[in-house]
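One-letter residues, chain by chain:
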Amino acid sequence: MPSERELARLRWQCRRGMLELDEILLTYLERHYATAAAAEQAAFRCLLGEEDPQLQRWLLLDERPADARLHALVERLRRLTPTD
Amino acid sequence: MTLARRRFDALIIGAGGAGLNAALQLADSDFRVAVVSKVFPTRSHTVAAQGGVNAALANVLPDNWHWHMFDTVKGSDWLGDQDAIEYMCREAIPTVYELEHAGVPFSRLDNGKIYQRAFGGQSQNFGGPQAARTCAAADRTGHAILHTLYQQNLRARTHFFDEYFAIDLIRDDEGAILGALVLEIENGEPLLIEAKATVLATGGCGQVFRTTSNAHINTGDGMAMALRAGIPLMDMEFFQFHPTGIAGKGMLITEGVRGEGGYLINKDGERFMERYAPNAKDLASRDVVSRAIVTEVKEGRGCGPNGDHVLLKLDHLGEEIINQRLPGIRETGRIFAGVDAAKEPLPVFPTAHYAMGGIPTDRFGRVLVPHGTGEEVVPGLYAAGECACVSVHGANRLGGNSLLDILVFGRAAGLDLREQLGRHHRPLDEASVEQAMARLNRWDRKGDGPTVRELRDAFRKAMEDHAGVFRTEEIMSEGLEQLRALREELDAVCLRDHSRIFNTARIEALELENLVDCGMAIAVSALARRESRGAHSRPDYPERDDVNWMKHTLYFREGDRLDYKPVHTRPLTVESFPPKERVY
Ligand SMILES: Cc1cc2nc3c(=O)[nH]c(=O)nc-3n(C[C@H](O)[C@H](O)[C@H](O)COP(=O)(O)OP(=O)(O)OC[C@H]3O[C@@H](n4cnc5c(N)ncnc54)[C@H](O)[C@@H]3O)c2cc1C
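Taken in sequence, the protein lines are chains G and P. Letter by letter, the first sequence follows residues 737 to 820 of my numbering. Letter by letter, the second sequence follows residues 138 to 721 of my numbering.
Derived from the structure by calculation, the hints contain no laboratory data. Just so it is clear, CB atoms sit at the ideal spot from N, CA and C, and this is done for glycine as well. Among the clues, some could well be false.
Where chain P lies over chain G, by a calculated footprint (3+ residues, C-beta under 8 Å) [claimed, not checked]:
{"no.": "1", "segment": "744-752"}
{"no.": "2", "segment": "770-778"}
{"no.": "3", "segment": "794-806"}
{"no.": "4", "segment": "811-819"}
Have a look at the derived ranges for each label pair, beta carbon to beta carbon [to be verified]:
{"no.": "5", "chain 1": "P", "residue 1": "Arg143", "chain 2": "G", "residue 2": "Arg767", "range": "35 to 41 Å"}
{"no.": "6", "chain 1": "G", "residue 1": "Glu811", "chain 2": "P", "residue 2": "Gly559", "range": "55 to 61 Å"}
{"no.": "7", "chain 1": "G", "residue 1": "Glu811", "chain 2": "P", "residue 2": "Lys480", "range": "16 to 22 Å"}
{"no.": "8", "chain 1": "P", "residue 1": "Tyr234", "chain 2": "G", "residue 2": "Glu811", "range": "38 to 44 Å"}
{"no.": "9", "chain 1": "G", "residue 1": "Thr817", "chain 2": "P", "residue 2": "Gly249", "range": "42 to 48 Å"}
{"no.": "10", "chain 1": "P", "residue 1": "Arg292", "chain 2": "G", "residue 2": "Glu811", "range": "52 to 58 Å"}
Whole structure, please, built from the sequences with the hints as guidance.
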């Protein structure tokens, strides 16, 4: 389980310049991150290092990351729903 | 424990387009410049501005700055200051070329010149045919600008305090600003930054409304810091709403959807815009469509179990057109509303988009306060960008003019303050430091009052219901009581987590205080203005009233007091544009 501090640090990393990204990243962090496999958690931390327009192209437009692990995570994030 | 202290010549709070461009003006000097940002600079909200920036370059259609000026004055519904508007529209041209030279990859025409697209509100020849004035770097203008300015600042050895949260300004008895108390988010340690000049460039406050297109960071921190330092906020009742945000969430659904043939319906399936705007229908101006949507909901024709939104129908356009011409719409609908827009209509409601009001400044970015029958400059304080009100947008901002505002006046502030840095630091005022520390330490209090989230949700909902698009005396007076009661409750709010390291709950609590201060400024200013002008629309006072209300509002935090000041109707070099009816 990630520590409270680790979650808080990631929570601040989810603060972005676009509302769409705030909401997607935060929803995943709050509802799914703690129970995700270690590899997916690592992919999420890596994803947070990307620039906002790149995240937007991956999460809301047609582009996908070349890296397989990021790709899988991005697909998962794109399937989030409001009731998630 | 002693408080850590640092000294710089200039302190810039905010690393969006305004803050970074201010900092850059000191790049080739020996002055020590600090930029504080609560998030990593290129994650500032400027990154969301994808549409572009206006400048009358005349690359695509004939244009000149004077036409741009007319459009901006008219767009402002004659509340904008014409001297500042003239300055901005003239400066737009060198500003865009400066960015081009700095490396912003603007989209180009075949002849190599910067491409310019047409946006609403742009005209040739003072209200004639459509103009094309907006320069864009593909669909990531804001990011390209931020990235370029950030790199240049790094090269100029600007000192960045990333992930530091500014708490309050420090000032002396004479009202001069001496710097700010900030908090390092990672370890929770306060730091006092002393400076000869401080620039507030903290962006907007859209989070004050429940439904907003603004990112979570837009909590009006700088505006509230100014209020707490005794400085008024100007024209806060003017808030631009975009008619189609995802209901209850706020993400923008572009006007392009309606441009392609999408339309709005109420719970009876009626295309209600035909009643409100028989000609333009769904393509009527933003404020008309926003008001129509809220009226439908208020009169019981809203959709969904709570009847709290309307529907935007576009499934009839077909999957292919939607995928091709409206990229990202299906994903946005699916993720945030659980609806595939190619199969079902999207639930929408007006979303709070842009604050026209803010910290009053002159066109050099200097912060102004009333003094006697006139005004005076607050020594050592500047403001630029969405947190400031210079005022170029007046009662309504035109698309593409906000990036322009932040760049032009960020630069103007940087240039002016450069002249102020030769002198010594003023002596620090310890009482003011203690006051700022007390604000921080107040969150160490333990107890089980309401949580930050509960109070924030209640406040944002009350703002939306009572100070949003639909503003009658009755709705707003009732709302003001609720908002005041919530403000009282703020004192009882306690944190459950009192740790220091990365305590984001504490940051959110400080942000909540800022939201409450900004929200009160909006609600109090709006109730008092008994006319309809630009984005401020009062069904009980439907006309613009130039005799009584062609003036700027000033809201003071102490006692929720209001004052007014005249609009600058005289430009710098050209004839004034006298008020006319604003029709498009
Ligand atoms: C979805 C969307 C699309 C838009 N599109 C366009 C467009 O196409 N064209 C246009 O002209 N305008 C557009 N706008 C408006 C425009 O983006 C903003 O008005 C503008 O970017 C504001 O820039 P700024 O520099 O004032 O502030 P911001 O870019 O918001 O930066 C504020 C900075 O202040 C910092 N900060 C805030 N509070 C604190 C604190 N307490 N302590 C430390 N740092 C702090 C932040 O970290 C950040 O660095 C759009 C707005 C939205 C919401």
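Now the hints, each set against the structure:
1. 744-752: holds (count 6)
2. 770-778: violated (count 0)
3. 794-806: holds (count 4)
4. 811-819: Since 5 is at least three, the answer is holds.
5. P:Arg143 to G:Arg767: 35 to 41 Å: Taking Cβ atoms as reference, P:Arg143 and G:Arg767 lie about 40 Å apart, which means the hint holds.
6. G:Glu811 to P:Gly559: 55 to 61 Å: holds, 58 Å
7. G:Glu811 to P:Lys480: 16 to 22 Å: At 21 Å between Cβs, range holds.
8. P:Tyr234 to G:Glu811: 38 to 44 Å: holds, 43 Å
9. G:Thr817 to P:Gly249: 42 to 48 Å: About 46 Å separates the Cβ atoms of G:Thr817 and P:Gly249, which means 42 to 48 Å holds.
10. P:Arg292 to G:Glu811: 52 to 58 Å: violated, 39 Å
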